[in-house]
Amino acid sequence: MSYVHRTIVITAAKAARAADLCAQLAGPPGSGMFTTALNATGTGTATHYISAGMIEEQFAAVLSDPGVMQGACTSAGISITLAECTALLAAADISSEPPFVALARMGLMLKQETI
Amino acid sequence: MNLGIGLAVTIPRRSGSLASQVAALFAAGMKGIWRESSRAGALFVENTGVTPVSPGSTVGLVLSLDQGLTLGPELIVDTEFDNPAAWSIGPNWTVTGGQAVATAATTGNNVQIAAGNTTIGSTYQTSIVVPELSSGLLAARVGSMYGPTITASGTYRAYLTATSTINTGLGARSAGTTGKVDSLSVREILGNHQIQSTSTARPLYQVAPPRAVFDGVDDVLNTTFSAALGTNCTVGRYVPGTGVVILTGQNIGTSFADTVTSGPLLVADRALTAGETALWTAYLTQQGTLP
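Sequences listed follow chains A and B, in order. Note that my numbering has the first sequence beginning at 1, numbered continuously upward. Note that my numbering has the second sequence beginning at 116, numbered continuously upward.
Excised from the complex, chain B in its bound form:
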């Protein structure tokens, strides 16, 4: 059912209060997706979350705010490389002196935590400090997925979605890799995020208002849930040129494919009360009409 709610909404003067009220719904147990298209640091060009979006760029990762961008526990027992016994150390790597050291390592030479502890489909924030990389390429690795290649010394953050429960750590990504790593952190970033790894299938980011623009051919942002959301879900969007659109009674399984050009997006695993519908409408309008 399309309620087709229009724009005749009184926006409360305290703009932050609407987001706080939406956050309270999720905090109270509502499950779903919360995309705030204007939120700095939540939308990225690539699915690995390295480059923030800009007008005309693709959108490969949207960090959903449904769980407040909370980070889960640290998965790396020995983040500072002080304990070699904590690592499964591949060829041409050593763990010594508080560093992981690669000497002429090649692709497939990895330093990984011994036990598997990632969840397939979950997204993890990786932080890696590389004080020295004299040759070759490095990358963090989470649940068998390598992150963006690192080509020079520095501190790097990325968001990687696990494709297995094992193979977490870091590794060489080319022959002749020689360098040192000071620290590695891997923590789940909680939430039902929207992801697209295929470059051509990513929507574009546009502003005035901030929105994801899908081409109607092959663009889609995918979300995977740990369990089906059910048959009475609610999906709310602000569609430029139309206004707030709230769909009720939606059947959403363990995945949600977003293909509709819109600014903010809210998905809930249940029906809304009248008050909640008014809140969503006000919030979506506020976010969907930003300059």
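Here chain A stands alone, though its shape is the one from the complex:
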């Protein structure tokens, strides 16, 4: 099994749906994604969420093209339109950059948690 590194940042509005799809498509390795909140200042409401790390190569392919994503979803029994796949990927910034490089490029930072 081959793995590749991906940093995935997605808008808060799409994070829950993206997390659900990742869990359904990838099983346990894809569960629990997009729980780290981001915004421009580090305080206040989250505008984005991030997951960064190694994912299976075939899962990276799913995240690279709306048509491939829809096909994978259909094969997994998930009902989703091509338009929704396109919208999800448009709402995501997916790169092979280290997470803090991607965050700097996007002008985002980790939202500090209240202790």
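Misleading hints may appear alongside valid ones.
[Stated by the list, open to error] Taking lysine to any residue and the SDA-like style, the derived pairs with C-alpha atoms no more than 20 Å apart in a straight line are:
1) A/14 x A/60
2) A/14 x A/109
3) A/111 x B/347
4) B/146 x B/347
5) A/14 x A/95
6) A/14 x A/88
7) B/146 x B/364
8) A/111 x B/345
9) A/14 x A/81
10) A/111 x B/372
11) A/111 x B/374
12) A/14 x A/79
13) A/111 x B/146
14) B/146 x B/345
15) A/14 x A/59
[Claimed, not checked] Pulled a few chain B residues facing chain A out of the computed Cβ check, cut under 8 Å:
16) 312
17) 314
18) 316
19) 317
20) 334
21) 391
22) 394
Hints in this document: simulated from the structure, not taken from any laboratory. Quantities reported herein were computed from a predicted structural model and do not represent experimental measurements. Heads up, the beta-carbon is just placed ideally off N, CA and C, and yes, glycines get one too.
Since the structure of chain A is already known, use the hints to place chain B on it.
The following block gives chain B in isolation, referenced to the frame of chain A:
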């Protein structure tokens, strides 16, 4: 409190003796975590413990040495499939002639032990022998968690963390599964292990020195304890570039989330004596500076 202990430690010449002394602390009743990052067979890429780590791979499972990797009792009464009455046999499965036999079984068709006997959060070593798999996919199942899919005949080992007290055995993982299983063993591997099932949340394994590298964003290795460790715990690490760091007076409940890049890790449910602190420092230094 960060004692920030540096590297000016005399390492005893017999390297094995330090590990033995640490083991003695746990054997004497100290509870916690013991990660030895260089230990072969204790760190795995996936949380299911199939692939040993290699440089650049993820770390999904660390088998803690706190209880010596001791295996608990066998949970499968009929490991060789000699007694069909010992099993709850699902559709398209039979138990006959010393084998569990699937014939055009599909996902959800299982052969399981009748009674539940797993503990949620505990990790179990599964060993399964598949002499024949002509089509489809198989997997062992522990406490409702399926193991890695088996695609061909062979002998397979995995480590599965139970998510329920029931549903232990094996099952088909795709339609049209036809094959035979000679034996199945499920035994708890004792210890407070570090686990991460989410692929992107796993740290990376690096060497020189051997260590788990966390990305500071979402990487975390989680440990669940059967009871809270308490308010006077000690956490020791060797942090590359810093050295030994020992935190005292730590409050650790029923879980511990490790997010700090380090080589070896020791967690104890109590304060250490001066002698024990010296031992930890020597051991962490030894392990943290391996080539």
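Legend entry - Violated hints, by number in ascending order, as checked against the structure: As far as the earlier hints go, 3, 8, 13, 21 and 22 are violated by this structure, in ascending order.
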